[in-house]
Amino acid sequence: MKNRILLIAMLITMLFSLTACGEEQADADTIVLRVSNWEEYIDLGDWDEEEVIDIDDDNNIFGENSMVEDYEEWFYDTYGKKVKVEYSTFGTNEELYNQLTIGDSYDLVCPSEYMIMKMMREDMLVPFSSDFYNQDIKTNYYAKGVSPYIKNVYDELAIEGQSISKYAAGYMWGTLGLVYNPLEVSDEEASHWDLMLNKKFDKRITVKDSVRDAFFAAITYGSYDEITSSEFISSDDYKARLTEVLNRTDVDTVNYVEDILTQIKNNVYSFETDSGKADMVTGKVVANEQWSGDAVYTMDQADEDDVTLCYSVPTEGSNLWFDGWVMLKDGIANDADKQLAAESFINFVSMPENAVRNMYYIGYTSVIAGGDSDLIFNYMDWNYGVDPEEEEYVEYNVSYFYGGEDGDEDYTIYTSPDQTKRQLYAQYPPKDVVNRSVVMACFDDESNSRINRMWTNVRCFDLKSLLD
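Residue numbers (our numbering): 1122 to 1589.
It is possible that some hints are incorrect.
[What the hints assert, rightly or not] Each pair of labels, with its calculated beta carbon distance range: (1) Trp1503 / Glu1185: 16 to 24 Å; (2) Lys1321 / Ser1226: 50 to 58 Å; (3) Lys1386 / Glu1160: 24 to 32 Å; (4) Glu1215 / Ala1361: 23 to 31 Å; (5) Tyr1235 / Gly1201: 46 to 54 Å; (6) Glu1171 / Asp1371: 53 to 61 Å; (7) Asp1177 / Glu1526: 21 to 29 Å; (8) Glu1526 / Ser1226: 27 to 35 Å; (9) Asp1371 / Pro1551: 32 to 40 Å.
Hints listed in this document are in silico derivations from the structure and should not be mistaken for laboratory results.
Using N, Cα and C, we set each Cβ at its ideal position, and we do this for glycine too.
Generate coordinates for the entire structure from the input sequences, incorporating the hints supplied.
Structure below.
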């Protein structure tokens, strides 16, 4: 009897051991992909039933599950391999960078353009595989669908001779501008950065509490005479010259930017990180420096309260920003499965229907134009188009983004006149706006130190006065 009990115990132990081994084997067969993205920057699912995007009979889009869950299922169906995404978020580019420097490990992250360039300079990134841009591969939705305009920006933007397209794939993009209440601020007043210095709106404007965004607005204002001269605007290399001027970081430039920002500080209600959106809706302020995606969110929220807000990109120039996916060398290493999972994640969120889901959920604009699919364009029309036989309308052309010739009627929608300065304008700015919008560079350590000291002077106290 004792021998039989002992035998049964041994068999049970062996069974549990085999089960545990099986579980370990299953875990070993699962690719773990560690992804870090901005907060609230991807579709989390759980849409209400009435939120179905019914673009046409063949395209009803609905976010039942989170994008991450749907990706895990799609990856297994596509490649026959299991993947588990460990998804986390960050609040700022600097927060992400600090997490990496203290030892946090990720495989795929989504920083902004200047942080991507910084990571390239510091050799932190893994280049895309040789197949990633091959449009003949069915699942390469990014290569087939990215806007030709955005692709050109990525191809031309380089660090130490290397195009960022080698290391980064776009996710969302937009402009820096001004949200304003048209009952308080005229369109003309909102069309220039000097609005932030206008004494008429003393303590009624908010500015981003971000050294780069504040610096960019101030240097553009301070360079007004130079960059708006007819000679400058008509030059063959206008965009290159504008980029150079708005990225100057020499001592004299930083000093006059400090003077401008000090004047702005004395005039505005506050520097803010996230409160500007609510302050616009409640009427606490009449204008707010804002990224285009948050401008869309702000206008949407105001609409629910029957408050009409508008968005402007100042005529003298502005910032073109984008967030993009990059693979980290410390995470991916030489693991081919991890790199496949990371590149596939980018391709999955670049499917036209998934780009639509993300845009609907977060309010920002995807870099995906759709390629052979007209779903993205139809979604824009679904949001902002009107029936020209029933409503007052204007023609709004965005052929530059979708890859058509200038003025291509295939990429023109009929929209209400007010949308030329509201959500449509913010999400898909007309060509003249992107022509005067430039990417802010990744500055070297000396320039960053100079700018950060300037920002400390503006935000806290005047260090220079203590040294005199």
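Results for each hint:
Between Trp1503 and Glu1185 the beta carbons are some 20 Å apart, a value that agrees with the proposed interval 16 to 24 Å. Distance hint for Lys1321 and Ser1226: a CB-CB separation of about 51 Å, consistent with the stated range 50 to 58 Å. Between Lys1386 and Glu1160 the Cβ separation comes to about 27 Å, which falls inside the hinted range of 24 to 32 Å. Evaluation of the 23 to 31 Å hint for Glu1215 and Ala1361 yields a pass: the beta carbon distance comes to about 29 Å.
Checked against the hint of 46 to 54 Å, the C-beta distance between Tyr1235 and Gly1201 comes to roughly 39 Å, which is inconsistent with it. Checked against the given bound of 53 to 61 Å, the beta carbons of Glu1171 and Asp1371, roughly 55 Å apart, stay inside it. For Asp1177 and Glu1526, the hinted distance range of 21 to 29 Å is satisfied, since their beta carbons lie about 26 Å from each other. At roughly 46 Å, the beta-carbon separation of Glu1526 and Ser1226 lies outside the given 27 to 35 Å, and the hint is violated.
In this structure the supplied range 32 to 40 Å holds for Asp1371 paired with Pro1551, their Cβ-Cβ distance being about 33 Å.
In summary, the numbered hints that this structure violates are 5 and 8.
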